[in-house]
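Chain residues, written in single-letter form:
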Amino acid sequence: MTDDRIDFSPLDPTKDTERFEAAVHSIGVEARGELARRRARASVVGQLGLWWKPLLAAAAITGIVSVSALLRFQASPATELADVGIAEAIGMPDPVAEWVRSDEVPSMSELIVAMEDES
Amino acid sequence: MASERDSDLPDALLVERARRGEAVAFEALVRRHYRAAYMVALALLGSAMDAEDVTQDAFVRAIERLDDLQRPERFAPWLMQIVRNRARNYHNYRRVRSTQPLDAVSAAGDADTEGDAERSDLRGELESALSELSEIQREVVLLHDMEGWKHREIAEALDLSEGMSRQHLMVARRTLRERLGEGFLREHSA
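Residue numbers (our numbering), protein chains in the order written: chain W, 1 to 119; chain A, 1001 to 1190.
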């Protein structure tokens, strides 16, 4: 098959080096704007790419810490924690906190004793 | 200017780099595929000057639409499709604008210096003989015999079967041999 090949080299546009170089240059000039746009876009994407891994690592660590904290809190009864927390936070005497939890109404004498014990 | 190292890189890599705006990579693609693109344009338009215009236009269009190329390793057949579309549009535009026949337009663009006279004569003979072929026959014979493309590659670029590519090549060569004469072909064989 190769022997049947017809020699089209007189049509070869790259044979005229000067003309070919001028054509390549002309294409380069015409494409300059598009190439510049692509470089600008690539640099924005590149910057995002540089930040992507550290951001991903930070998000992963935050996620792990959050999940483990949630699991730990879920392990103990929430209501008890809330009651004790509030009573302690406002400085409520222990007997008073017990009355609040049990919904019992203390007598006046029990109240006085409780307040005296606290002071 | 594209370095030798760039010119050795595969198309897929050059396309990826050109997508990021690397002018050197794009230039390497232009240098590598200019002749094939020009041959397809010449096959469709019949004029060296028009083929040059369309080839340049096609490369600019290619860089603008490079993100549409799904498989970067298939840059060459994709580029040839752009060349064909641009050439057809150009052909239609010119047909509307001018009533000059293709051959006349072609001859007008072939002013050469004295030193190029012989090559110009050969070119004239070849262009004249090629004008007797159909568009597809010209595309096939130029890509095969000038660019050394395989029938599989031609079929993909020109959207036809490998069998049809072989058929077009056979008919094109036979017609050219009849037109140019065995003497001419022997004298100027590769």
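FYI, nobody ran anything at the bench for these hints, they're computed from the structure. Computed from a predicted model, the values in this text were never measured in an experiment. Note that CB positions come from ideal geometry on N, CA and C, so glycine has one too. Be careful, since some hints might not be right.
What the hints assert, rightly or not - So the derived list for chain W, only partly shown, Cβ under 10 Å to chain A, looks like this:
| # | residue |
| --- | --- |
| 1 | Glu88 |
| 2 | Gly91 |
| 3 | Pro93 |
| 4 | Pro95 |
Claimed, not checked - Straight-line C-alpha distance at most 25 Å; calculated DMTMM-like pairs for lysine to aspartate or glutamate:
| # | chain 1 | residue 1 | chain 2 | residue 2 |
| --- | --- | --- | --- | --- |
| 5 | W | Lys15 | A | Glu1125 |
| 6 | W | Lys15 | A | Asp1057 |
| 7 | W | Lys15 | A | Asp1121 |
| 8 | W | Lys15 | A | Glu1127 |
| 9 | W | Lys15 | A | Glu1135 |
| 10 | A | Lys1150 | W | Asp12 |
| 11 | A | Lys1150 | W | Asp4 |
| 12 | W | Lys15 | A | Asp1053 |
| 13 | W | Lys15 | A | Glu1016 |
| 14 | W | Lys53 | A | Asp1121 |
| 15 | A | Lys1150 | A | Glu1073 |
| 16 | W | Lys15 | A | Asp1008 |
Tested hints:
| no. | hint | in the structure |
| --- | --- | --- |
| 1 | Glu88 | violated (62 Å) |
| 2 | Gly91 | violated (66 Å) |
| 3 | Pro93 | violated (72 Å) |
| 4 | Pro95 | violated (75 Å) |
| 5 | W/Lys15 <-> A/Glu1125 | holds (17 Å) |
| 6 | W/Lys15 <-> A/Asp1057 | holds (20 Å) |
| 7 | W/Lys15 <-> A/Asp1121 | holds (15 Å) |
| 8 | W/Lys15 <-> A/Glu1127 | holds (16 Å) |
| 9 | W/Lys15 <-> A/Glu1135 | holds (24 Å) |
| 10 | A/Lys1150 <-> W/Asp12 | holds (19 Å) |
| 11 | A/Lys1150 <-> W/Asp4 | holds (15 Å) |
| 12 | W/Lys15 <-> A/Asp1053 | holds (17 Å) |
| 13 | W/Lys15 <-> A/Glu1016 | violated (29 Å) |
| 14 | W/Lys53 <-> A/Asp1121 | violated (64 Å) |
| 15 | A/Lys1150 <-> A/Glu1073 | holds (16 Å) |
| 16 | W/Lys15 <-> A/Asp1008 | holds (20 Å) |
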